[in-house]
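**Student:** Quick note, the sequences are listed as chains A and B, same order. The first sequence begins at 1 in this note's numbering and counts up one residue at a time. The second sequence begins at 117 in this note's numbering and counts up one residue at a time.
Heads up, some of the hints might be wrong.
To be verified - Derived PhoX-like pairs (lysine-lysine); straight-line CA-CA distance at most 25 Å: (1) B:K157 <-> A:K14; (2) A:K41 <-> B:K119; (3) B:K119 <-> B:K157.
Stated by the list, open to error - Some residues of chain A that are not near chain B, with every Cβ distance over 10 Å (derived): (4) H7; (5) K14; (6) E22; (7) K41; (8) Q42; (9) T49; (10) N51; (11) E52; (12) D65; (13) T78; (14) H85; (15) P86; (16) E87; (17) S89; (18) T104; (19) Q105.
Read the hints as simulated data drawn from the structure, not as lab findings. For glycine and all other residues, C-beta sits at the position ideal for the given N, C-alpha and C.
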Amino acid sequence: GAVVSQHPSWVICKSGTSVKIECRSLDFQATTMFWYRQFPKQSLMLMATSNEGSKATYEQGVEKDKFLINHASLTLSTLTVTSAHPEDSSFYICSARAPQGPDTQYFGPGTRLTVL
Amino acid sequence: EDKVVQSPLSLVVHEGDTVTLNCSYEVTNFRSLLWYKQEKKAPTFLFMLTSSGIEKKSGRLSSILDKKELFSILNITATQTGDSAVYLCAAHQLIFGTGTRLQVFP
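So here's chain A without its partners, still in its complex pose (with noise of 0.2 Å):
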């Protein structure tokens, strides 16, 4: 089946160092990729649909600024968290499109942040 990875696991940073995650579709061309943050305990809240290609579409209330997203490639979109501060510690999970339907997604195992 479908593979999406997502580079690091787990990654602890500094108060003011950004930090960047990488999405990757391993055996499917991803034209969509989805970036959710999670909260403890909480649902996946859509941050932002990022496009190959194009500029990423962000959700009401995410700064663009702040969440860099880039999706240079058919395999592979990033998500750089710039001057991070401990309120975005969080665990991001991206997913991609997946080819059978605009509806069906197949979900990254997720990264990790923990800002100190």
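Start from chain A and add chain B according to the hints.
**Tutor:** Quick look at chain B alone, frame taken from chain A:
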């Protein structure tokens, strides 16, 4: 405002029990409803429902959609400890419910 609401929030049962998880939605231009199982990490896809009244089944799990009453249910029969997880439903617009945490004890 579009929303997806799940109930109950949490459920604790013994192995062998049958559980029913609920998901109601209010979304514009509804197209499909999806169920996912989330264990420790990323959600895994269970079902996608687009038509009312047609049950989808996979082993001990089944799900059905009611587009008139705007809800869906996920049934798990003969639960096992491996079914313990958070079950999420989502409207196709990527609006997720808060999830139902299911714990199955031996």
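**Student:** So, for every hint listed, does it hold in this structure?
**Tutor:** So, going through the hints one by one against the coordinates:
At most 25 Å may separate the alpha-carbon atoms for a hinted pair to count; K157 of chain B and K14 of chain A meet this at roughly 24 Å. Proximity of K41 of chain A to K119 of chain B is assessed by CA-CA distance (about 18 Å); at most 25 Å being required, the pair is judged to hold. Taking the CA atoms of K119 of chain B and K157 of chain B, the gap is near 24 Å; set against the 25 Å cutoff, the hint holds. With a closest Cβ-Cβ approach of about 14 Å to chain B, H7 of chain A is found to remain outside the 10 Å limit, as its non-interface label requires.
The Cβ of K14 of chain A sits about 25 Å from the closest Cβ of chain B, beyond the 10 Å cut-off, so the non-interface label holds. Against the 10 Å criterion, E22 of chain A stays outside the reach of chain B, whose nearest CB is about 15 Å from its own CB. Not every beta carbon of chain B lies more than 10 Å from that of K41 of chain A, the smallest distance being close to 8 Å; the non-interface claim is violated. For Q42 of chain A, the condition that its CB be more than 10 Å from all CB atoms of chain B is violated, with the nearest at approximately 7 Å.
Distance to chain B contradicts T49 of chain A as a non-interface residue, since its nearest Cβ pair spans about 8 Å, not more than 10 Å. Here N51 of chain A stays apart from chain B, with its beta-carbon at least about 14 Å from theirs, past the 10 Å limit. Once the 10 Å rule is applied to beta carbons, E52 of chain A is consistent with being away from chain B; the minimum gap is 18 Å. For D65 of chain A, the requirement that its beta carbon stay farther than 10 Å from each beta carbon of chain B is met, with the minimum near 22 Å.
Even its closest Cβ contact with chain B, about 17 Å, leaves T78 of chain A beyond 10 Å, as expected for a residue assigned away from the interface. For H85 of chain A, the condition that its CB be more than 10 Å from all CB atoms of chain B holds, with the nearest at approximately 24 Å. Under the 10 Å C-beta cut-off, the non-interface status given to P86 of chain A relative to chain B holds; the minimum distance is some 23 Å. Distance check for E87 of chain A against chain B: the nearest CB is about 20 Å away, which clears 10 Å, and the non-interface claim stands.
The claim that S89 of chain A lies off the interface holds: its Cβ sits roughly 17 Å from the closest Cβ of chain B, which is beyond the 10 Å cut-off. Against the 10 Å criterion, T104 of chain A falls within the reach of chain B, whose nearest CB is about 6 Å from its own CB. The beta carbon of Q105 of chain A is not kept farther than 10 Å from every beta carbon of chain B, the shortest such distance being approximately 7 Å.
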